[in-house]
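Respectively, the protein sequence lines represent chains A and R.
Each position in the first sequence, counted from 1, maps to that position plus 42 in this note's numbering.
Each position in the second sequence, counted from 1, maps to that position plus 17 in this note's numbering.
Hints are computed from structural coordinates only; laboratory data are not their basis.
Don't be surprised by glycine CBs; every beta carbon is placed ideally from N, CA and C.
Please note that the accuracy of each hint is not assured.
[To be verified] The calculated label-pair distances, taken between Cβ atoms and stated as ranges, are:
id	chain 1	residue 1	chain 2	residue 2	range
1	A	77	R	132	32 to 40 Å
2	A	59	R	156	46 to 54 Å
3	A	89	R	162	23 to 31 Å
4	R	37	A	77	41 to 49 Å
5	R	73	A	70	30 to 38 Å
6	A	72	R	65	32 to 40 Å
7	A	62	R	158	44 to 52 Å
8	R	41	A	81	37 to 45 Å
9	A	89	R	149	31 to 39 Å
10	A	88	R	131	24 to 32 Å
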Amino acid sequence: MSALIIKSGRGGWWFLATVAMLYAATGALAPGIALNALEDSWKALRSMVPVRRSFSRC
Amino acid sequence: MTPEPPSEMHGRRGKSGRAVLQTLPVIAGTVLLTSLALAVVSPDQAAGYFGRSDLGNALLAAAVGSIAAGPPLASYVLGGELSAAGVGLLAVTALVVSWVTVGLVQLPAEAMFLGTRFAIVRNITSFVFALAVAWFTVRTLHWLGMISS
């Protein structure tokens, strides 16, 4: 479903909004799980930065 | 080599900017979704569900590996824990291979960049081949005499 949404122009933002709603629902039911997931996501996103830097040197 | 006209360069920058803007939410969404999936069903929790037949364990392990995402190192740790708990090598190999080759959580992102049909077919094929590779690995180890059963 989300793959089909993404196919249309601004689908990426809809996908992110859907994920945000999932987080909101999880956060309402189990705030600890949502917070842990957010923390892990932040670490994963931060770990992508050195890759971008190494590309910029090319 | 003559420099490009400014209008052409601006056009390309505009295109790149749009592409980045379209890609950014998909990457962020995929990372967030992966973390949420791993937080809801942690690998340790998944380990508790094993204990059926060899084929049942292999199918379950391949399913867990398909849903779970993250560094392959995490699958080695989980595979080691499962192996220590007495789960067969068929299931452990299926887990490790499907963890690396199948990505259900990243399917939307893969579909965006490579096409929906390609993403679905690739993931299904990878799932089937993860089981096949697991079977061949166990058969090979058995044939080499490295495992007894």
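Against the structure, the hints:
1. Distance hint for residue 77 (chain A) and residue 132 (chain R): a CB-CB separation of about 35 Å, consistent with the stated range 32 to 40 Å.
2. Roughly 47 Å separates the CB atoms of residue 59 (chain A) and residue 156 (chain R), a value that falls within the hinted 46 to 54 Å.
3. For residue 89 (chain A) and residue 162 (chain R), the Cβ-Cβ distance of about 42 Å falls outside the hinted range of 23 to 31 Å, so the restraint is violated.
4. A hinted range of 41 to 49 Å for the beta carbons of residue 37 (chain R) and residue 77 (chain A) is inconsistent with their spacing of about 29 Å.
5. Distance hint check for residue 73 (chain R) and residue 70 (chain A): the Cβ-Cβ separation is about 35 Å, which falls inside the suggested range of 30 to 38 Å.
6. Separated by about 19 Å at the C-beta atoms, residue 72 (chain A) and residue 65 (chain R) break the suggested range of 32 to 40 Å.
7. A beta carbon spacing of about 46 Å between residue 62 (chain A) and residue 158 (chain R) agrees with the range 44 to 52 Å that was offered as a hint.
8. For residue 41 (chain R) and residue 81 (chain A), the Cβ-Cβ distance of about 20 Å falls outside the hinted range of 37 to 45 Å, so the restraint is violated.
9. Between residue 89 (chain A) and residue 149 (chain R) the CB atoms are about 33 Å apart, so this pair conforms to the stated range of 31 to 39 Å.
10. Separated by about 26 Å at the C-beta atoms, residue 88 (chain A) and residue 131 (chain R) satisfy the suggested range of 24 to 32 Å.
Checked against the numbered hints listed earlier, the structure breaks hints 3, 4, 6 and 8; every other hint is satisfied.
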